[in-house]
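Chain U is already provided as a structure; the job is to place chain S with the ligands on it using the hints.
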Amino acid sequence: MTKLPSIGKPISRLEGRLKVTGIAKYAGEYQAPGLLYGYVVNSTITKGTIKIIDTADAKALEGVIEIFTHENRPSTAWFDFQYADMDAPPGTVFKPLKDNEIKYNGQPIALVVADTFEMARYAATQIKLAYVEEKFETDLESNIDKARKPKKGMASMLKPPPPKPAGDFEKAYESSFVQSSGEFKHGTEHHNPMEMFATTVIYEGKNRLKIYDKTQGTVNSQMYVANVFGLKMKNVQVIAPFVGGAFGSGLRPQYQLFMAVMASLALKRNVRVTLDRAQMFTFGHRPTTLQYAKFGADEKGKLNAVYHKAIGETSQFEDYTEIVVNWAGMLYPAENTLLEHRLVPLDVYSPLDMRAPGGSTGMHAVEVTMDDLAYKLNIDPVEFRLINYAEKDKSSGKEYSSKELRKCYLQAAAKFGWEKRSPEPRSMKRGNKLVGYGMATGIWDANRILARAQAIMTSDGKVEIKSAVTDIGTGTITIMTQIASDELGLPLEDITFSFADSSMPFAPIQGGSFTTATVGSAVQVACRALNKELFKKAKRDKDSGLADAAFEDAVFSDGFIFLKNSAEVKYSVQEIFAANGGKEIKTTNSSMPNPLTYGKKIKLVHSAVFVEVEVDEELGIIEVTRAVTAVAAGKIINPKTAESQILGGMIWGISKALHEETILDNQFGKYMNTNLAEYHIPVHADIHDLDVVFVEEEDDFVNDLGVKGVGEIGVVGMPPAITNAIFHATGKRINNLPIHFDKLL
Amino acid sequence: MDSTQTHGINLSINSSDYHLQILPWVTLLDVLRERIGLTGTKKGCDHGQCGACTVLVDGKRILSCLTLAVMKDGAAITTIEGIANGEKLHPIQQAFIDHDAFQCGYCTPGQICSAVGMLQEAKARNREEIKELMSGNLCRCGASRGIVNAVMQVMEGGSNE
Ligand code: FES
Ligand code: FES
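Respectively, the protein sequence lines represent chains U and S.
Take the first sequence: its position 538, counted from the start at 1, is 538 in full-length UniProt numbering, and no numbers get skipped.
Take the second sequence: its position 127, counted from the start at 1, is 127 in full-length UniProt numbering, and no numbers get skipped.
Among the clues, some could well be false.
[Claimed, not checked] A few chain U residues that face chain S, going by a derived Cβ cut-off under 10 Å, partial list only:
#1 Lys-9
#2 Ser-12
#3 Lys-25
#4 Tyr-26
#5 Glu-29
#6 Gln-31
#7 Tyr-37
#8 Asn-192
#9 Val-243
#10 Gly-473
[Unchecked claim] Taking lysine-lysine pairs in the DSSO-like style, the calculated list, with each CA pair at most 27 Å apart, reads:
#11 S:Lys-88 - U:Lys-25
#12 S:Lys-88 - U:Lys-9
#13 U:Lys-152 - U:Lys-98
#14 U:Lys-640 - S:Lys-88
#15 S:Lys-60 - U:Lys-25
#16 U:Lys-51 - U:Lys-135
#17 U:Lys-164 - U:Lys-294
#18 U:Lys-564 - U:Lys-586
#19 U:Lys-732 - U:Lys-429
#20 U:Lys-294 - U:Lys-392
#21 U:Lys-462 - U:Lys-25
#22 U:Lys-601 - U:Lys-392
In case anyone wonders, no lab produced these hints; they're calculated from the structure.
All values reported here derive from a predicted model rather than from experimental measurement.
Yeah, the Cβ is synthetic: ideal placement off N, Cα and C, and Gly gets one too.
Here chain U stands alone, though its shape is the one from the complex (with noise of 0.2 Å):
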């Protein structure tokens, strides 16, 4: 009867056969009768007024239904509130064609709707423009001086600005044995998922729409078009069935989505938008950010003082924030600390949370600085991070829910073979090529926010889960399934996970790192709620021997009710459908963090990255050899999908410290490389031995579930330990990212 738990085996994707064959259906794959083809106009301008739009030609074209611009839009909601979505930053939401307004280059300005793609995107081509343009400004570097605190909203509270002073850094910096100090500058960058934006709306008649949406939050997109288009919210139904990658860019309702709902409103029919991936690049990215680190240390190598500055893009109409430099003083607490955000509004889109946001850059100028310091003080880095290794969180003198960071510095470093590193830049060779070997840190936040779910079981005694998150390609199918599969006793093969449509019990946006905490906690209690209905259920059946039964003696196994400590009792689930006539029995549930115990200790996930780096100094080149992450992050339901992750962070890794840009010319405001063969992302050529070790542990108080979550971590170490890795081979430190060959030169 025992069987064992599916909770931490390495389960192969649920949806698999679907996505290897072909059949998982994405937002803009979706057919119905008679459905017409959305092209979006951009502008060329970065900053000025529409004068003349006049699209008389384009419009007369045979198989063009209707042109929308700001002078002929239906009207949507009046109050900038009604546009706010769960990610929206303090300020005013754009809204597509509100006015002939234009705050960016890229802005979306018309929506050309026809019968087919190729006419719809040739008419685009049509549309005579004019324009006012004014002066602009989309340099960060060159606009410091506008530099100022981000206000603060409902972002906040997932986004903390960084904690008060402490002590007197200046002085202590001063009188430090050793310091080091830095600037650190990052390039914007794109998210860029492999499936381009896309919306298909049915009209269902009655200002019933069911919208195939691109995200990662169907209640996000409901909420928004329900808000936007003064529509009921059960009239609005959102569903993302696969969703072909996101990293972020689907955490905001993307205006694919309002171009489409505004056109099948208007004509009552069904219409698709897809987005082409040069208009991929006009919403949200990942900031371009300069930085500023000074730290100090005593000669036993104790740091006493840390000051990390960052000041980050935005837009003219929303203050983005990510946290940038409150890691420093999470990971290495030193009595006198300064830590500074600030923001530069420019004529550019309100950047957009991008895997590890904040986190991925932050912590590149701290495990940098640190490397430097350990460096001069000639102490082991490994060796250094040991001797400022945080037990308690200094700032707030709480614990940590569990921190097994120690163990992923000495698990990944023998994996790795770090003591064959000799500490001397530049004494590693092989042939002609310099070896590098670097580490560093990594950290995210193990936040847990509100969701509900449902369990359904029929009188088969299988069961259905349903939620409204999604999955973009993160395993929550297979990972949920688990989590319901060991609470409830049944096979996986028993169990339905239903997701991904806004009709289904709330679920957030999924990102952060906090779906599997969140939603798996929420179809445990689902489940158990289940367990418990079964329960009372057959005790009320005198013959089932459970009468004088505790809840909490119970064991349910393939649909059977026994009791832990009596091997007489094996009660039928169908006795209870014999029973009530075959009724499904149906439980659904909230859960949330206790709100009272919640804040009492510090949740955080933590990695140790180790890197290996090859350098032709003739030629530029640098090649990541090796890598190996080590992550604790509490519990790993599935060590296959949950490595996936952390490999695909790893590559992130590589991408943003070598690879990735977007240019921005500033003469004419404009993105330059808007197209994957100038926007450099590895491909698999440039991928070779990466390795990942998950270490034991364990966490009873983040939730019953004991896990962290491996979205962002990934990321987070990769690029530091990429370029300590390269200081070590060369002997040169480069803050620039991404390094690409002329920066070796």
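Relative to chain U, chain S with the ligands alone:
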């Protein structure tokens, strides 16, 4: 060829015959996705830069976004929907599942078609060459290790039906 007139073409797609009346400006990718409803072939860029739209034409891998459908009149096309043998997955498909060679799954049909085509080309002899010859297929999720492992396994198993 008149660009404003539709043209009749015949395509054999996954062993089914289709007769289509289309304008010359329609790509093979859009024919598959929008006219025939075979959405397994993906559009990641529409510019020949990502490999998501890879299909096999007469056994060779091509980018269907860079191919006008009228150019392939009479050709035999295999898309991801035609890679398995009925219910039985192609070894590459099974290997992709076993190695967790995808996350979001959006690049996957292109990776699989590309891998099948590459093995037929029989140019790759080792891991490095697989990586090189598969580098036209981008994966933003970062599933490279699993993808290369999956292809390696099938190549070494000598199984390439
Ligand atoms: S869609 Fe054809 S190569 Fe990208
Ligand atoms: S699996 Fe998502 S892009 Fe490859």
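Evaluated hints:
Interface restraint check for Lys-9 (chain U): the shortest CB-CB distance to chain S comes to about 13 Å, outside 10 Å, so the restraint is violated. Taken as an interface hint, Ser-12 (chain U) checks out: its beta carbon lies about 5 Å from the nearest beta carbon of chain S, inside 10 Å. With its C-beta approaching chain S no nearer than about 6 Å, Lys-25 (chain U) sits inside the 10 Å limit, and its interface hint holds. Using the Cβ-Cβ criterion of 10 Å, the hint placing Tyr-26 (chain U) at the interface with chain S is satisfied: the shortest such distance is roughly 7 Å.
The beta carbon of Glu-29 (chain U) is positioned within 10 Å of a beta carbon in chain S (closest approach about 4 Å), and the interface hint is therefore held. Hint on Gln-31 (chain U) holds. Least Cβ distance to chain S is approximately 6 Å, under the 10 Å limit. Below 10 Å, beta-carbon pairs count as interface contacts, and Tyr-37 (chain U) has one with chain S at about 8 Å; its hint therefore holds. Proximity of Asn-192 (chain U) to chain S holds as hinted, the smallest CB-CB distance being about 6 Å (cut-off 10 Å).
Annotation: interface hint on Val-243 (chain U) holds; nearest CB of chain S at approximately 6 Å, less than 10 Å. A hinted interface residue such as Gly-473 (chain U) counts as satisfied when its beta carbon comes closer than 10 Å to some beta carbon of chain S; here the least separation is about 3 Å, so the hint holds. At most 27 Å may separate the alpha-carbon atoms for a hinted pair to count; Lys-88 (chain S) and Lys-25 (chain U) meet this at roughly 21 Å. For the suggested pair Lys-88 (chain S) and Lys-9 (chain U), the alpha carbons sit about 25 Å apart, so the restraint of at most 27 Å is met.
Proposed proximity of Lys-152 (chain U) and Lys-98 (chain U) is supported: the alpha carbons are some 26 Å apart, at most 27 Å. For a cut-off of 27 Å, the pair hint linking Lys-640 (chain U) to Lys-88 (chain S) stands: about 24 Å separates their Cα positions. A hinted pair counts as satisfied when its Cα atoms are at most 27 Å apart, and Lys-60 (chain S) with Lys-25 (chain U) qualifies at roughly 25 Å. The suggested pairing of Lys-51 (chain U) with Lys-135 (chain U) holds, with an alpha-carbon distance near 16 Å, which does not exceed 27 Å.
At most 27 Å may separate the alpha-carbon atoms for a hinted pair to count; Lys-164 (chain U) and Lys-294 (chain U) meet this at roughly 17 Å. Between Lys-564 (chain U) and Lys-586 (chain U) the alpha-carbon distance is near 25 Å, which keeps this suggested pair within the 27 Å criterion. Taking the CA atoms of Lys-732 (chain U) and Lys-429 (chain U), the gap is near 16 Å; set against the 27 Å cutoff, the hint holds. Taking the CA atoms of Lys-294 (chain U) and Lys-392 (chain U), the gap is about 23 Å. The hint holds against a cut of 27 Å.
Proposed proximity of Lys-462 (chain U) and Lys-25 (chain U) is supported: the alpha carbons are some 25 Å apart, at most 27 Å. Annotation: proposed proximity of Lys-601 (chain U) to Lys-392 (chain U) holds, straight-line Cα distance about 10 Å (limit 27 Å).
Consistency with the previously given hints fails for number 1 only.
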